[in-house]
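Okay, here's what each chain looks like letter by letter:
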Amino acid sequence: MAMTPSVVVTDRLTDLPDDLLVNILSNLPTHFSVRLSVLSRRFRHLWAAVPSVDLECYERSLHGKFKSLCESFFAGRDSSVALLRLRLHCGVCGFHSGILSPWLSRALRHVDLHLPAGNILSLFPVILRLECLESLSISLSGEWYARYVLPLPVPATCRLRRLKSLHLYGFRAIGELLEGIAASCPALKDMKLVPMKMNSLNLCSPSLRSLYLDCDSDEPLHLRLLCPSLEFLHFESPARLIRHYQLDSPALRSAVIKFGNIQQKHVVSVGDVIRSVANVSELVIHLTESEDIMSRPNEVHVLVDQYLSLPKFSNLKHLDVTACFIEKNVVDLISFLEHTPVLDSLILTHEIPPLCKTASMEKNLASKLPWSTRGDVFASFTNLGIENKKKKVVKLLSQRVKGQTKALLFKRREPRKLSSRDYCKLTRRLSL
Amino acid sequence: METSTCSKKIVQLRSSDGQLFEVDEEAAMSSEILKNMIEMGMPSPLPLYEVDATTLAMIVESWNRRLQEKRGEITEAELERWEEEELLKSKEPDGDAICVLLAANYLEDEHLIDRAGEAIAHHIKDMTVEEVRDYFEIENDFEREEEEKVFQQNAWAFH
Chain H
-4 MAMTPSVVVT DRLTDLPDDL LVNILSNLPT HFSVRLSVLS RRFRHLWAAV
46 PSVDLECYER SLHGKFKSLC ESFFAGRDSS VALLRLRLHC GVCGFHSGIL
96 SPWLSRALRH VDLHLPAGNI LSLFPVILRL ECLESLSISL SGEWYARYVL
146 PLPVPATCRL RRLKSLHLYG FRAIGELLEG IAASCPALKD MKLVPMKMNS
196 LNLCSPSLRS LYLDCDSDEP LHLRLLCPSL EFLHFESPAR LIRHYQLDSP
246 ALRSAVIKFG NIQQKHVVSV GDVIRSVANV SELVIHLTES EDIMSRPNEV
296 HVLVDQYLSL PKFSNLKHLD VTACFIEKNV VDLISFLEHT PVLDSLILTH
346 EIPPLCKTAS MEKNLASKLP WSTRGDVFAS FTNLGIENKK KKVVKLLSQR
396 VKGQTKALLF KRREPRKLSS RDYCKLTRRL SL
Chain R
141 METSTCSKKI VQLRSSDGQL FEVDEEAAMS SEILKNMIEM GMPSPLPLYE
191 VDATTLAMIV ESWNRRLQEK RGEITEAELE RWEEEELLKS KEPDGDAICV
241 LLAANYLEDE HLIDRAGEAI AHHIKDMTVE EVRDYFEIEN DFEREEEEKV
291 FQQNAWAFH
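If you're matching them up, the sequences are chains H and R in order. Under my numbering, the residues of the first sequence are numbered -4 to 427, in order. Under my numbering, the residues of the second sequence are numbered 141 to 299, in order.
It is worth saying that the hints were derived from the structure and are not from the lab. Some hints here could point you the wrong way.
Claimed, not checked - Computed beta-carbon distance windows for the label pairs:
#1 H/G59 / R/E248: 42 to 48 Å
#2 H/P181 / R/K229: 34 to 40 Å
#3 R/E201 / H/L50: 25 to 31 Å
In this text, all values refer to a predicted model and were calculated from it rather than measured experimentally. Backbone N, C-alpha and C fix where the C-beta goes; we use that ideal spot for every residue, glycine too.
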């Protein structure tokens, strides 16, 4: 086990062969691995053999230098070593498209681009034919208004048969494109979409395990997710009507649901989404109600739909709810808890909706969560599975709820008889 | 090779300093070298001349965890956390990550080679060139003019 002391110059990397050193360098930003060329003779040319490029520039004033940096780098690179990873983030201006396309070698496995729309449009058809690609992340840079006028071309041939991970930021109306991609990528496991103005998404992917959707629009959305292997769902959006909603994911384990600026007309859709994830074991809900609802808080129930009963969340162990915990939401939360037989931990955070932070509204929107050492804007409970602990927590939660509402809480709920008004609402909702 | 009652095959490995380790055959298949040895029917214990006991213990543990992840007993996130915290903490001068990298290379374990490479890169990425030199104890064997020349050629990377 003793190292031979007769070796003249040893350092900690002597025993590492060059290709392992190159492996280490391939995880570093390109300019960094080039700087290491001054370390020693051994390092002088290693950077040129690194099969990855990681270059970024976010400052307008440095853009000219950045362009020449990229050109120097490619000139000095050993072109016989195929590029496997490309990360190029240029937040400022674009490149001449002739410069960029040679960089897209056929062997590329990981591509991460942050470029202006013009560059992305011209590169996209080439990217779709990179057969070895395993992960793809594209985000649009440039003036914000440009993002709203760029629809991507629908791919005629998409050969990304090994693609596992797809992240797209800032593209407009890409529902159709995504449907096409999902259909041609049998290995797709993870998708993260931050789309602009997407009105319809019909996603069928037998392999997809994780979907992150962060929308910006409050226009109605047609949403169908037929992903039988889906385990994780993150859905974030300003509140909107969701039509033809279908989520077919028996394997779902964990979900995050965030709706902002919820108005009365949105309540049905919020309820649909929450009910659709009843099989998860971890659930994070973040609901921000609109000023309109908050000005007449007891009329509209958001957390628990008053017309359809909640399903049982039979696997739910961890629940995290952020909402404006005025009385009605505490009461609704307690009803929710009745449907969580195996719940183990509960985290509650009180948040006043940003648009309701006027002096007059704020005092009516004070938290009714139980007091603790951290005040009353946060409450956290664990080990709810232990005997009677859950009952004690419910009792604690109901302490600050006023008398009449309390009586309602503990009264056994009979199914409501539908009035003609309720009936009209239901039929309208079912015909959507 | 013994067969336990659960019909899981065990292989025995011997480190460079003579210590014996037992591991599931399925777990050991993470290493191309061991896979070949097992398929060729080499007798136990399989000798690993270039991996010492401390490193081999860590590597065997990592194979076991990877097997657990494959079987769904632990999540991918838990596996990654263990790898970062236990396996690849390279803050020590002894350099766990470097030892693991060398051993993984010898054993031809692609996953571990990549993870160890990432860990070392992560550790040095915020260092200056001089700090990297000290960390790896690299001696500067450039002549003064040569070093200047290299610096000029790659000046664009220093801005």
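Failing hints, ascending?
-> 3
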